[in-house]
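Let the hints inform the model, and build the full structure from the sequences given.
Below, each chain spelled out in residue letters.
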Amino acid sequence: MTTQAKDEALPGKHPTTAGRKSDRELVVTRTFDAPARIVFEAWTTSDLLKRWWVPKSLGMSFLSCEIDARTGGTYRFVFAHPAAEQPMAFFGRYLEVAPPSRLVWTNEEGGEGGAITTVTFEEKDGRTLVVMSDLYPSKESLDEAIASGSTAEYDEAFAQLDALLA
Amino acid sequence: MTSRLDASFAALSDATRRGVLEQLGRKDSSITELADRFHMTLTGMKKHVGILEQAGLVATRKIGRVRTCRLGPRRLSEETAWLEQYHRLWAARFDELDKIVEGLKQKEKNDDHTGKG
Numbered sequence: 001m002t003t004q005a006k007d008e009a010l011p012g013k014h015p016t017t018a019g020r021k022s023d024r025e026l027v028v029t030r031t032f033d034a035p036a037r038i039v040f041e042a043w044t045t046s047d048l049l050k051r052w053w054v055p056k057s058l059g060m061s062f063l064s065c066e067i068d069a070r071t072g073g074t075y076r077f078v079f080a081h082p083a084a085e086q087p088m089a090f091f092g093r094y095l096e097v098a099p100p101s102r103l104v105w106t107n108e109e110g111g112e113g114g115a116i117t118t119v120t121f122e123e124k125d126g127r128t129l130v131v132m133s134d135l136y137p138s139k140e141s142l143d144e145a146i147a148s149g150s151t152a153e154y155d156e157a158f159a160q161l162d163a164l165l166a
Numbered sequence: 001m002t003s004r005l006d007a008s009f010a011a012l013s014d015a016t017r018r019g020v021l022e023q024l025g026r027k028d029s030s031i032t033e034l035a036d037r038f039h040m041t042l043t044g045m046k047k048h049v050g051i052l053e054q055a056g057l058v059a060t061r062k063i064g065r066v067r068t069c070r071l072g073p074r075r076l077s078e079e080t081a082w083l084e085q086y087h088r089l090w091a092a093r094f095d096e097l098d099k100i101v102e103g104l105k106q107k108e109k110n111d112d113h114t115g116k117g
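In order, the protein sequences belong to chains A and B. Taking the working numbering, I'd label the letters of the first sequence as residues 1 to 166. Taking the working numbering, I'd label the letters of the second sequence as residues 1 to 117.
A hint or two may mislead.
[Stated by the list, open to error] DSSO-like, lysine-lysine: derived pairs with alpha carbons at most 30 Å apart:
#	chain 1	residue 1	chain 2	residue 2
1	A	K50	A	K124
2	B	K47	B	K27
3	A	K56	B	K105
4	B	K107	A	K56
5	A	K56	A	K13
6	B	K27	B	K46
7	A	K13	A	K124
8	B	K99	B	K109
9	A	K13	B	K105
10	B	K46	B	K62
11	A	K21	A	K139
12	A	K50	A	K21
13	A	K50	B	K105
14	A	K50	A	K13
15	A	K56	B	K46
16	A	K50	B	K62
17	A	K13	B	K46
18	B	K62	A	K124
19	B	K62	B	K47
20	A	K124	B	K47
21	B	K109	A	K13
22	A	K50	B	K109
23	A	K124	B	K105
24	A	K56	B	K109
25	A	K50	B	K27
26	A	K124	A	K21
27	B	K109	A	K124
28	B	K107	A	K13
29	B	K99	A	K21
30	B	K46	B	K99
Since the hints were derived computationally from the structure, they do not count as laboratory data. Keep in mind it's a predicted model, so treat the numbers as computed, not measured.
Laid out in structure tokens, this is it:
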């Protein structure tokens, strides 16, 4: 099954696509008007990633952002959200860091059902196509991720995103 | 399948339509009830319901003069809503990343001009 969403591109802005590519894989794509080494740098440098990973109006803010972008290195993002009593931590290991074309990391905050994220940076004519894939260990684990994210948080997330896009 | 899901994404892009889904998640309602609740004309609400129905998110049935609406296939609507949310999060992130990348590119250009770096 393939599902796909594409935003309406504004003039001069490249569209983001997102979809379920298979039973256990999600894929997001976007083109940037810059060489791959620049885009790669923004994914692997803490001071840069902090400025885009949590769009302001999402209501979340970084408490800390540790990135050791080497194969075998670890990352740890900690966020605060007004609606959450405890800070939220996201962490894992880099399985592969190959500048400026490929990044692979684990997502370990959720235990064993976590996805492996692979990001590729393909440069062509000064532009870079970013393809991000979240590969879950099984169909059940992706279904579980979808089910847990679509109940309680559904309305709140949409409210935040409405504020963001307003 | 894909075109049906595209229709779902379009259907979910509107705040009133998401409100209608939320309302129908609590109880089935007639078009008149929905129009009252969302302070809309019957015609306006019919249009919204039509879009939701086309996307398979809502099913309607006419009994006498009253058209009753209920949620369509629940499984599809949950996955579609989640994917829409996921898509919007990444679109928002990437718009921010675009600005960072543009700044870095500009900085590199300026450094070149001043003979630095």
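The hints, checked one at a time:
no.	hint	result
1	K50/A with K124/A	27 Å, holds
2	K47/B with K27/B	20 Å, holds
3	K56/A with K105/B	23 Å, holds
4	K107/B with K56/A	23 Å, holds
5	K56/A with K13/A	20 Å, holds
6	K27/B with K46/B	18 Å, holds
7	K13/A with K124/A	17 Å, holds
8	K99/B with K109/B	15 Å, holds
9	K13/A with K105/B	16 Å, holds
10	K46/B with K62/B	13 Å, holds
11	K21/A with K139/A	12 Å, holds
12	K50/A with K21/A	28 Å, holds
13	K50/A with K105/B	18 Å, holds
14	K50/A with K13/A	22 Å, holds
15	K56/A with K46/B	36 Å, violated
16	K50/A with K62/B	53 Å, violated
17	K13/A with K46/B	34 Å, violated
18	K62/B with K124/A	56 Å, violated
19	K62/B with K47/B	16 Å, holds
20	K124/A with K47/B	44 Å, violated
21	K109/B with K13/A	21 Å, holds
22	K50/A with K109/B	23 Å, holds
23	K124/A with K105/B	16 Å, holds
24	K56/A with K109/B	28 Å, holds
25	K50/A with K27/B	42 Å, violated
26	K124/A with K21/A	24 Å, holds
27	K109/B with K124/A	19 Å, holds
28	K107/B with K13/A	20 Å, holds
29	K99/B with K21/A	28 Å, holds
30	K46/B with K99/B	41 Å, violated
In summary, the numbered hints that this structure violates are 15, 16, 17, 18, 20, 25 and 30.
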